[in-house]
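S.K.: Work from the hints to combine the two standalone chains into their complex.
Heads up: the protein sequence lines correspond to chains G and Y, in order. Position one of the first sequence corresponds to residue 1 (our numbering), numbered consecutively onward. Position one of the second sequence corresponds to residue 1001 (our numbering), numbered consecutively onward.
Straight-line Cα separation of at most 25 Å, DSS-like style, residue types lysine-lysine; simulated pairs:
| id | chain 1 | residue 1 | chain 2 | residue 2 |
| --- | --- | --- | --- | --- |
| 1 | G | K17 | G | K116 |
| 2 | G | K144 | Y | K1138 |
| 3 | Y | K1144 | G | K108 |
| 4 | G | K8 | Y | K1116 |
| 5 | Y | K1116 | G | K93 |
| 6 | G | K92 | Y | K1138 |
| 7 | G | K145 | Y | K1003 |
| 8 | Y | K1138 | G | K108 |
| 9 | Y | K1005 | G | K145 |
| 10 | G | K107 | Y | K1138 |
| 11 | Y | K1051 | G | K8 |
| 12 | Y | K1144 | G | K144 |
| 13 | G | K144 | Y | K1005 |
| 14 | G | K145 | Y | K1032 |
| 15 | G | K144 | Y | K1032 |
| 16 | Y | K1116 | G | K144 |
| 17 | G | K13 | Y | K1054 |
Beyond 12 Å from chain Y on every Cβ pair, some chain G residues (computed):
| id | residue |
| --- | --- |
| 18 | K17 |
| 19 | T21 |
| 20 | Y36 |
| 21 | P84 |
I should point out that these hints are in silico values taken from the structure, not numbers from a laboratory. Bear in mind that the values here come from a model prediction, so they are computed numbers and not experimental data. Ideal Cβ positions, reconstructed from N, Cα and C, are used throughout, including at glycine.
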Amino acid sequence: MIFVTTSKGLFFKRMIKAIDTLSEKYSLYMIVQGGYEYHPESEKIKYYTTLPRDEFERYFDQADLVISHAGIGNIIMGKQKCKPLIIVPRLKKFGEHHNDHQLEIAKKLEDQRGFKVIYNVDELDSMEVLSFSEKPAKEDVEGKKAIIQEVRAFCSNVLQQ
Amino acid sequence: MRKKKVFLVSDPGGHLSELLVLAEAFDENWQKTYLTFPENYAILENCYYFKRSKWILLDILIFGFRIFWLLLIKRPDVVVSTGSYIGMIAIALAKIFLRVPCIFMECSAQVYTPSKTGRIVYHFTDLFLVQWEDLLPKYGDKAKYVGGVI
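Next up, chain Y with everything else stripped away, as it sits in the complex (with noise of 0.2 Å):
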C-alpha cells in the first residue's frame, strides 16, 4: 500500500516544538516531509530547509516557488503548519491550486490575540486549532479547542 504524505511546515524555535507535537499524530503509515528554516539544530529526517534573506518580499517569493514545486512532486495528502510565515506560503498554495486538505494550528503562545498568520491561513485550511479557550472569540465557528501542549 502507499504510504500517505504529510507536509509538516512551520518557523523554528517555538512553532517547531508545537509542530512536533502535531507530527505525532502521523504513524508509520505516513511519510513525513519537514520544511523549516535550519536554525533550530533540530536534526529532523526528510527535511527541506529554507534560509531566510533580508528581503521577506523576496523570500516568500522565492519560498512561494520551491514549495509550489515540491508540492507539484511530492504531492501531499494533508498539509499541516503551526506558523509563521512559511507555513502560510504552503497552506495558501496547497489549498487554492491542488485542493490539498490543510490543518492550522495556533501556538500556545497565542492566548488572546490571533496572529497574523492565523488570521491569513483561516480562510484557507480545513481543520483550525487554537489552545486556549480564550481565543475561540476571536475567530469564526471554524475554529476548535480541542486543548493545549502546555
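Extracted from the complex, chain G is given alone in its bound form (with noise of 0.2 Å):
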C-alpha cells in the first residue's frame, strides 16, 4: 500500500491529481491524507481530507512506500518508522506555499538514503520511483544527541547561577 500525506494549508493539487492518475493507470492501492476536499478519480484511492493522529501513524505504519510533501514532520516520523519516502517539495511558483522552504529542505534530502525527491510530478510516472524501497538511516541519532546535550548544558548553567 502506498500512503500519500500533504497537510492542511494551501491545496497541493499537482502532487494528489498525479497520484490519483497513477493509481488509476497502475491499478495502485493508496490511501490518501489530501488536507482539502477532493473527489479521487480511481476507485483504488481511499481519500480522508484529514486523519486523527493514531490513524495516521497506523497507515503510516502499515506503508511499503510514502509519498509526501517536504514537511518536517513527515520527514522525521519517516526516518523513525524507517520508511521509504518519496518527497515533492511544494513550490511558491505553483501558490503551494508562501515560499520556498520546501525545496530548500527537499535538496538537503537528496543524497540521504532512504528518500527521493521528485520536483516535477511527471517524473512519479515510473515504475523505478513508485516501487522505491530503499530505507532511511535511523534518525539521526548523532544530531538529536548533541541537541539535547547543548539544551541540557544550558539549563544546568543558568540554574545555578
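M.R.: Here it is as C-alpha cells:
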C-alpha cells in the first residue's frame, strides 16, 4: 500500500492529481490524506481530508512507501519508522506555499538514504520511482543527541546561577 | 525538592515534532507544560491549547494575555520554542517581564533563510540553535550549530 500525505494549508493539487492518475493507470491501492476536500477518480484510492493522529500513524506503519510533501513532521516520522519516502516539495511558483523553504529542505534530502526527491510530478510515473524501497537510516541520532546535550548543559548552567 | 518547570511552546506540525525532540532534554525532575494549537491531534499531557481566529493581530493580543497569565501563575524556570509566532510571544514576554532564560531552535526547514520568528526572538534568547551550518552566517555570534534532527 502507498500512503500519500500532505498537510492542510494550501491545496497541493499538483501532487494529489498526479497520484490519482497513477493509481488509476497502474491500479495501485493508496491511502491519501490530502488536507482538502477532493474526489479522486481512481477507485483504488481511499481519500481522507485529515486523519486523526493514531490512524495517521497506523497507515504510516502499514505503508510500503510514503509519498509526502517536504513537511518536517513527515520527514522525521519517516526516519523514526524507517520508511522509504518520496518527497515532492511544494513550490511557491505554483501557489503551493508562501515561500520555497520546502525546496531547500528537499535539496538537502537528495543525497540522504531512504529519500527520493521529485520536483516534477511527471517523474512519478515510472515503476522505478513507485517501487522505491530504500529505507532511511535511523534518525540522525548524533545530531539529535548533540542538541539534547546542548540544551541540558545550558539549563544546568543557568539554574545554578 | 521542587520540580523545575519548563514551558514548551510551538505551532503544531513540524514545529511540534521538533519541539518534542527538545522536550527529551528535560527528564523527570522537570514539570513540562506545553502551549500549542489543537490541530495536531497529538495527545500531550499538561497542555494548554490555543485557538486561532482569522485575525492574527487579535490572536497575538489574546494569546499574549493568556500566556502572560500562565507565566505569572506557573513561573517557569525556562521557556523553550521552535517557532512560530506563539513561541515568539511566549519568549518575548518571559524575557522582558520575568527575565526567564529562553531557548529557541530554528526548525530544520530553515536551511538558508532565517524564519521571521527566529529573526525576532534572536534578541530575546539565551540559547539560540540552528540546524544547518548554512544558516549560521545569517545570524550573529550567539547562534549555535551542534547538529540537526534531519
